[in-house]
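Participant: With chain A held as given, fit chain B onto it using these hints.
Number of protein chains: 2
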Amino acid sequence: MAPRAATLLEMSDSVAGYTTYIDLIHDAIGDKKIISTGMMKEVDRVEMAIAEALKGTTCSLVSGGDSGIYAMAGLVFEMCEKKGLTLVRHGEACPENSDGTCLEIEVVPGIPALAAGASLVGAPLTHDFAVISLSDLLTPWEKIEKRISAAASADFVIAIYNPKSKKRDWQLARARDLIMEHRKGDTPVGVVTSAMREQQKISVTTLEKMDESHVDMQTILLVGNEASVPYLDFMYTPRGYSKKYEI
Amino acid sequence: MAPRAATLLEMSDSVAGYTTYIDLIHDAIGDKKIISTGMMKEVDRVEMAIAEALKGTTCSLVSGGDSGIYAMAGLVFEMCEKKGLTLVRHGEACPENSDGTCLEIEVVPGIPALAAGASLVGAPLTHDFAVISLSDLLTPWEKIEKRISAAASADFVIAIYNPKSKKRDWQLARARDLIMEHRKGDTPVGVVTSAMREQQKISVTTLEKMDESHVDMQTILLVGNEASVPYLDFMYTPRGYSKKYEI
Chain A
1 MAPRAATLLE MSDSVAGYTT YIDLIHDAIG DKKIISTGMM KEVDRVEMAI
51 AEALKGTTCS LVSGGDSGIY AMAGLVFEMC EKKGLTLVRH GEACPENSDG
101 TCLEIEVVPG IPALAAGASL VGAPLTHDFA VISLSDLLTP WEKIEKRISA
151 AASADFVIAI YNPKSKKRDW QLARARDLIM EHRKGDTPVG VVTSAMREQQ
201 KISVTTLEKM DESHVDMQTI LLVGNEASVP YLDFMYTPRG YSKKYEI
Chain B
1 MAPRAATLLE MSDSVAGYTT YIDLIHDAIG DKKIISTGMM KEVDRVEMAI
51 AEALKGTTCS LVSGGDSGIY AMAGLVFEMC EKKGLTLVRH GEACPENSDG
101 TCLEIEVVPG IPALAAGASL VGAPLTHDFA VISLSDLLTP WEKIEKRISA
151 AASADFVIAI YNPKSKKRDW QLARARDLIM EHRKGDTPVG VVTSAMREQQ
201 KISVTTLEKM DESHVDMQTI LLVGNEASVP YLDFMYTPRG YSKKYEI
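These protein sequence lines map, in sequence, to chains A and B. In terms of full-length UniProt numbering, the first sequence has 189 at position 189, counting the first letter as 1, and numbering is strictly consecutive. In terms of full-length UniProt numbering, the second sequence has 148 at position 148, counting the first letter as 1, and numbering is strictly consecutive.
If we strip away everything but chain A, and leave its shape as in the complex, we get:
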């Protein structure tokens, strides 16, 4: 957790979040009020967090990784807009006579799963990359396919979020097939599950050998571009220095 997140958590009166994340930061929460809801209850959670803040108290809404990457920050802005609230940056003054309709907000950046995962398999993201979630719960699958093909054809390194869940079991194999229309079977793929947590698993494989058995909702995959190489237990993507300099 970045120091700024710890500082704001300390300043908060209440903490809202998915139960798993609340448990992970239990020590930092202490005896603050906890607003905890299960998975898929994102709207309820944000609703309750906004209600707490409108009481004039400070509420932290926590996410895993970075709060702005496939996480809750977007929904906070969207719901505040729908409610006709005015948002100002933390530390800025609300307009006069705006009591009850104006909130201060600070989005605290964190270490996203793509950066944590990348660091564990080496350095796959040292060149242009695309980040794609395979969850079609809120996005039409056709749009996801279009993005996979566009990213593969333009030689982006590809970070894949949400590759699989109990109900979604075929999307990753389909994504792999789409990528292999543009990329060789021996392209290195980093597979990281539960990055930086107790159950952490790391492997570097290839597109064609990619074993799905270790893949779940906590997994992030890092598919190399045409230049990415495997190296011992790692993979990396050259930035291009060797074309320009003696290295």
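FYI, nobody ran anything at the bench for these hints, they're computed from the structure. Treat the hints with care, as some may be off.
[Unchecked claim] Far from chain B, by Cβ distances over 12 Å, these chain A residues were calculated: (1) 4; (2) 10; (3) 11; (4) 22; (5) 30; (6) 96; (7) 99; (8) 205; (9) 206; (10) 208.
[Unchecked claim] Okay, the calculated bits of chain B under chain A, using three or more residues with CB under 8 Å as the criterion: (11) 85–96; (12) 115–122; (13) 148–160; (14) 234–241.
[To be verified] Label-pair distances were calculated between CB atoms; the ranges are: (15) B:54 / A:246: 18 to 24 Å; (16) B:34 / A:91: 31 to 37 Å; (17) A:82 / B:54: 56 to 62 Å; (18) A:82 / B:36: 48 to 54 Å.
Yeah, the Cβ is synthetic: ideal placement off N, Cα and C, and Gly gets one too.
Facilitator: Showing chain B alone in chain A's frame:
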């Protein structure tokens, strides 16, 4: 700086980095040996850091943002491979009789500029996104154009790194033109310069009104997708909850 980075810095005998970053963490370095080189001297810097580590000491090589995103981690792996060195993860044992040819490495993830920049303009990255550097020093411009067009056509939010430098002044306007072949002129664009530093500047504009005057090498741009919206002084990208739930 994430706690893990601070811990490893503390454990290090020497610290290598671009002078600007070395200055930013001067207090954390204390009286450790400093290996500092100017911009464009990346190869020299990594060469010296590897030499320090091969002496049996611990050397930290520091980057701004995340060390694996357009930063030095990739070059470390590449140069170690060229030198025929064996790398093992920090804490793992080197093979027997590998003295002088084996190093322990840990890549420490950080808060990338894209996450810091995004947090300052709201929540632009809550859906699939592509990350593209406009620097053509090490990458052919044609490849960069291909990536911009692919990302724009597949409706990725686009994070743009290295939009402009003293010698590169036309690439951003060209990138904007390419994106506008697929996206409306009123698409919101977040512009953040020197995120989280003293000279920080934040604005939310649109593709057609995008003013380049505040853009330099310290700027990151966040170009919305078709669904992204401006909201007061912010912008955000809906994840899609409103299509599925009452919000």
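Participant: Checking a non-interface call: every C-beta of chain B should be farther than 12 Å from the C-beta of residue 30 of chain A. Is that right?
Facilitator: 18 Å, holds
Participant: How does the coverage statement for the stretch 115–122 of chain B fare against chain A, requiring three or more residues with Cβ below 8 Å from a Cβ of that chain?
Facilitator: Per the Cβ count (6), the hint holds.
Participant: Find the nearest Cβ of chain B to the Cβ of residue 99 of chain A and say whether that gap is larger than 12 Å.
Facilitator: 17 Å, holds
Participant: Count residues of the stretch 234–241 of chain B with a Cβ under 8 Å from any Cβ of chain A, then say if the count reaches three.
Facilitator: holds (count 7)
Participant: Okay, the stretch 148–160 of chain B and chain A, do three or more residues pass the C-beta test at under 8 Å?
Facilitator: Coverage by chain A holds here, the residue count being 7 at a Cβ distance below 8 Å.
Participant: Does residue 205 of chain A really sit off the interface, with its C-beta more than 12 Å from all C-beta atoms of chain B?
Facilitator: 17 Å, holds
Participant: Any Cβ of chain B at or closer than 12 Å to residue 206 of chain A, or is the non-interface label fine?
Facilitator: For residue 206 of chain A, whose nearest Cβ neighbour in chain B is about 17 Å away, the distance exceeds 12 Å, so it holds.
Participant: Mind verifying the non-interface call on residue 208 of chain A? Its CB should be farther than 12 Å from each CB in chain B.
Facilitator: Per Cβ check, residue 208 of chain A is outside 12 Å of chain B; nearest 22 Å; holds.
Participant: Are all C-beta atoms of chain B more than 12 Å from that of residue 10 of chain A?
Facilitator: 15 Å, holds
Participant: Does residue 22 of chain A really sit off the interface, with its C-beta more than 12 Å from all C-beta atoms of chain B?
Facilitator: 20 Å, holds
Participant: Checking a non-interface call: every C-beta of chain B should be farther than 12 Å from the C-beta of residue 11 of chain A. Is that right?
Facilitator: About 17 Å separates residue 11 of chain A from the closest Cβ of chain B, which puts it past 12 Å; holds.
Participant: Could you check the hint for me, namely that residue 82 of chain A and residue 36 of chain B are 48 to 54 Å apart, CB to CB?
Facilitator: The hinted range 48 to 54 Å holds for residue 82 of chain A and residue 36 of chain B, with Cβ atoms some 51 Å apart.
Hint 1 from the list above is the single one not met by this structure.
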